[in-house]
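*Asks:* Join these two chains into a complex; the hints should help.
The chain contents come next:
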Amino acid sequence: MTANRLVFDDNDPQDDLVTLNLGPTHPATHGVFQNVLQVDGERIVSGISTIGYIHRAFEKIAEHRPFYQITPLTDRMNYCSSPINNMGWHMTVEKLLDVEIPKRVQYMRVIIMELARIADHIICNGILGVDTGAFSGFLYVMQEREFIYEIFEEICGARLTTNIGRIGGFERDFNETAFQKIRQFVKRYPPVLKEFEELFNRNRIFIDRTSGVAAVDAETALSYSWSGPILRATGVDYDVRANEPYSSYEDFDFEIPVGENGDVYDRFMVRNEEMWQSIRIIEQALEKLEKEPQGIFHADVPEFYLPPKDQVYNNMEALIYHFKIVMGEIDTPKTEVYHAVEGGNGELGFYLISDGGRSPYRLHFRRPSFINYQMYAPMSSGMLLSDAIINMSSLNVIAGELDA
Amino acid sequence: MAKLDNQVLLERLEQRFAEHVQKTDEPFGLLSVETSKEYIIEVLKYLKTDKELQFIYLTDITAVHYPSQELSIAVVYHVHSLIHNVRIRIKVFLNGDKPEIPTATTVWNGANWMERETYDFFGVIFVGHPDLRRILNVDDMEVFPMRKEYPLEDPNKVDKKEFFFGR
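Residue numbers (this note's numbering), protein chains in the order written: chain A, 1 to 404; chain B, 405 to 571.
Bound-form chain B, shown alone (with noise of 0.2 Å):
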């Protein structure tokens, strides 16, 4: 096999894969493709377990929040592959309203942690976790603070108005 490159990683997922799999961007090497919810176990299991590309360690789950789009939540999973040093990013997009995605535990005892704290601060729903519940914050908490409906309060004009300083 060749050298393992952004391009071969690529031609290999896309022929496993087919239209399953599409590269998004390459912003500063790091190769960043996109897949849906039905193929994203599929697709975290093929990189860990093909022979020639042995991405075995999963570096970090974690979401982002685009409230503009349809499908606002995207799940980002970064894994790298410490044979070949080459990292990979995959962004899967889910419906805000209803955020559900399988949980990649099966595939790595690691995601467990990541998941509660993506499901703490997103809502990400991942089905089949084996213990989804919040990690940071209070458990009877209701939102998700992570989210763009949140905002902070502009520290910049807020605490600035006078009536707060008893003027």
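Next up, chain A with everything else stripped away, as it sits in the complex (with noise of 0.2 Å):
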């Protein structure tokens, strides 16, 4: 953590130091928070990161509504990769149900939210390249997400907030177009990934810019319960897909990518390199989606995923079974569980507290973001403007997931 820190003497009578506001507005923090900066030219002395600024009440909206209906407030949270938030969520009211999931179900699952993190990642070394001064590779990969959206659009008709999954499942089957197009990523952006990797890592204003810049060690990470790209960036290979898999992630043979240094060229490398692994992970799940029994895409749980709406109108059952959905007459187990999944930023949990009833007694959301930034105040203190905005780049902060 204190590489790069400059040491300076408190006690000089010409410090003249100067407050200086970075955000909440500024398109250099990416979303809506603020950091009260002391500087002393263009030293950072010390600051206060201040947030809250779209703090929208998920975990008190979420006491209030059915399970079913808080998937789309996940959806809000790390806007970058809503899906993964979405699955988490549904995986984890799974758990408290007991439902099980058919495998082509999972794998399907896998190849969205791999897709949501190339794309969530895509978005953050991006803008890291712009906040640099590299403008072009921002732009080569971008059209890269653009074409992960149209998957998402295809798949559930939304681009960002995408509301993609069901509790036991999919709302629908991915059409013939939607496996083309997952086909088609698979085989057009490995080149596109590596021209962007060897924009960056053969740059030299970018390396200067970026290595040994914020570099924090394993141990202070640690303490600071970091997770995720940033953490992995200190040499510690704690990823939950592979510490405890969910979904079939243990049927995928992949690597968890980590750093030597901490610093924000192995954050932006850990996060190419996921990139890489997240592909071949897609490409498994495509194979193995072959093997698997066609027109699947949700468990056979009648009494909590709701029907079709068409057998709703023709078909009494199913009007038994949505009404009991949407009323809320199916008993829930009393008990609590957690649940966490590999979120772009990091391990996002769902504590999620039941009393029998149609809606969370108590839920709560481990938001990776909120958690990683929480070190960012005192890790700028010492370091030039320039750097520290380079370092909140490289921890992608997400204000969708910081307020919650």
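For the record, the hints were derived by calculation from the structure and aren't laboratory data.
Misleading hints may appear alongside valid ones.
[To be verified] The calculated DMTMM-like cross-link candidates involving lysine to aspartate or glutamate, where the alpha carbons are at most 20 Å apart (straight line), are:
no., chain 1, residue 1, chain 2, residue 2
1, A, Lys334, B, Asp429
2, A, Lys334, B, Glu430
3, B, Lys552, A, Glu63
4, A, Lys324, A, Asp355
5, B, Lys452, A, Asp217
6, B, Lys495, A, Asp355
7, B, Lys407, B, Glu430
8, B, Lys449, A, Glu219
9, B, Lys452, A, Asp237
10, A, Lys60, B, Glu546
11, A, Lys60, B, Glu553
12, B, Lys552, A, Glu59
13, A, Lys291, A, Asp173
14, B, Lys552, A, Asp355
15, A, Lys187, A, Glu283
16, B, Lys452, A, Glu219
17, B, Lys407, A, Glu244
18, A, Lys95, B, Asp429
19, A, Lys194, A, Glu255
20, A, Lys95, B, Glu430
21, A, Lys334, B, Glu438
22, B, Lys455, A, Glu219
23, A, Lys187, A, Glu290
24, A, Lys60, A, Asp355
25, A, Lys60, B, Asp543
[Claimed, not checked] Cβ-to-Cβ under 10 Å is the rule here; a few derived chain A residues that face chain B:
no., residue
26, Ser227
27, Thr335
28, Tyr338
29, Ala340
30, Tyr361
31, His364
32, Phe370
33, Ile371
34, Pro378
Predicted model, so just to flag it, every value in this text is computed and none were measured.
Note that the Cβ used here is the ideal one computed from N, Cα and C, for glycine as well.
*Replies:* Structure, rendered in structure tokens:
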């Protein structure tokens, strides 16, 4: 953490500190949050982070909604990779209700989650480039993120706030076009990623601006409960997908990339490498899907899975189940559950307490951005202002996930 | 040492803290124990620093409000041993009128914002916290909104009343 910290004399009478507000709506803050910094010229002496500008009381609202209506709340946390939040929430409920998910659905979920992870890393690394002055990389990969959004659109009709999952599986099957596009993406993305990587890892300016900047050692990162790529950049190979596999991640062959120095450059490289691994996972999932029986896109749990509308109108049983689910007349176990998934930024946890009612008694989101960001102000002190900007990009703090 | 499973973990805790740590439940394989505010920091420190347990990672701190109970605020800690890949949940029940508990920032730096958030929503005072201010809500707010005494209006009834639609 102290690698690039400059030492200065507090007793110097010539020190004239200036208070600088970085944010709340500064473009470099990537969202609505404020850092009140004390700066001595270009050097940051100390800082305080202020958050809460878009706090939307998700946890309170969730206490008043049936389980299936909480899906759109989760979409709006990390909006760069909303399907991961979405699936994480549904897996939590499925764990609570003891719902077993067919393999095909699990593989489909893996594909969606990995696509979302790529979309998330694309924007983070692209913007990191922009913040160092390299705009082209951002433009190259943005097309690919658009393509991922097209896949989401094909599957669920939405691009950003996807609302893609249901308790038990998906609302509808992936159509042939969606599969075609996924296959197309797996083919067209690697050369783009390679080009993107080469644009940076052989770039003198980029390396000078990032290597050694904001370096954090593993112990400090763990003490601040960091998770995700920024923790792995410090050398800790903690990844929820490997430690506690969910949605059949244990069936896949992939590596957990780790860094050495925990600096901005390592964070960039870890995210890049993770994208390669994600492609690898998607390829395997596509292969596995071919061996699974077609047409299954949700578990056979009529008491939790909302029946399709046409059946509700024409089938008595479906009507009854629809009524029971919507009116919350189905009992849920009185217990508590903690489920974590590997989000774009780290361990995204859902702590759900059920009292047997239609809504959670208490729902708490463990938001990785919230926890990762708390170290920003202490670690910035001593840095140059320009390094602090790049440091913020490399933490990939998403305001929706920070405030929740 | 045998493979660290919940049974072994519980035995270790009981050995060290006797009746001050009790198992409450084990939902979905996650050991859930209860302790008192006098012992919580000792328990956390023991879990973190014991060479065999190595619960070095603080996953989360939050609280729950049970208005009908005498000790109505439960502070919940989720801690993770990355070495053994085992999680544990620790609960401390506090008096709702004056919920006070020592801060865990002495054990993990990361507890800082988690405790601020818990204070903001439930009014739990973390004694010894270096900077216990509201974090997501406005500073001059007087209530603690996640407590059950502040229910949201029922969306299915209130806004469907005709006078809201000018009829």
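*Asks:* Give a verdict on every hint.
*Replies:* So, going through the hints one by one against the coordinates:
1. Lys334/A <-> Asp429/B: Status holds; Cα separation ~12 Å.
2. Lys334/A <-> Glu430/B: holds, 13 Å
3. Lys552/B <-> Glu63/A: holds, 10 Å
4. Lys324/A <-> Asp355/A: holds, 18 Å
5. Lys452/B <-> Asp217/A: Measuring from Cα to Cα gives roughly 18 Å; hence the hint holds.
6. Lys495/B <-> Asp355/A: holds, 17 Å
7. Lys407/B <-> Glu430/B: Satisfied, since the Cα-Cα distance of roughly 18 Å is no more than 20 Å.
8. Lys449/B <-> Glu219/A: Answer holds: Lys449/B to Glu219/A is near 16 Å, not above 20 Å.
9. Lys452/B <-> Asp237/A: holds, 19 Å
10. Lys60/A <-> Glu546/B: Holds, at about 17 Å.
11. Lys60/A <-> Glu553/B: It holds: about 12 Å lies between the C-alpha atoms, which stays within 20 Å.
12. Lys552/B <-> Glu59/A: Given that 20 Å is the threshold and the Cα spacing comes to 12 Å, the pair holds.
13. Lys291/A <-> Asp173/A: Distance ~16 Å between Lys291/A and Asp173/A Cα, so the pair holds.
14. Lys552/B <-> Asp355/A: Distance of about 14 Å is within 20 Å: holds.
15. Lys187/A <-> Glu283/A: Holds, at roughly 10 Å.
16. Lys452/B <-> Glu219/A: holds, 13 Å
17. Lys407/B <-> Glu244/A: At roughly 17 Å apart (the allowed maximum being 20 Å), Glu244/A and Lys407/B satisfy the hint.
18. Lys95/A <-> Asp429/B: Since the Cα atoms of Lys95/A and Asp429/B sit roughly 16 Å apart, the hinted pair holds (cutoff 20 Å).
19. Lys194/A <-> Glu255/A: holds, 18 Å
20. Lys95/A <-> Glu430/B: holds, 14 Å
21. Lys334/A <-> Glu438/B: Answer holds: Lys334/A to Glu438/B is near 18 Å, not above 20 Å.
22. Lys455/B <-> Glu219/A: holds, 16 Å
23. Lys187/A <-> Glu290/A: holds, 18 Å
24. Lys60/A <-> Asp355/A: Holds, because 16 Å separates the two Cα atoms, which is no more than 20 Å.
25. Lys60/A <-> Asp543/B: With Cα atoms ~19 Å apart, Lys60/A and Asp543/B stay inside 20 Å; holds.
26. Ser227: holds, 8 Å
27. Thr335: For Thr335/A, the interface hint holds, since the closest Cβ of chain B sits about 5 Å away, which is under 10 Å.
28. Tyr338: Interface hint status for Tyr338/A: holds (6 Å vs cutoff 10 Å).
29. Ala340: Hint holds; Ala340/A Cβ to chain B Cβ min 8 Å, cut 10 Å.
30. Tyr361: holds, 8 Å
31. His364: holds, 4 Å
32. Phe370: holds, 7 Å
33. Ile371: holds, 6 Å
34. Pro378: Holds, because the Cβ-Cβ distance from Pro378/A to chain B comes to roughly 8 Å (cut-off 10 Å).
In this structure, every one of the numbered hints holds.
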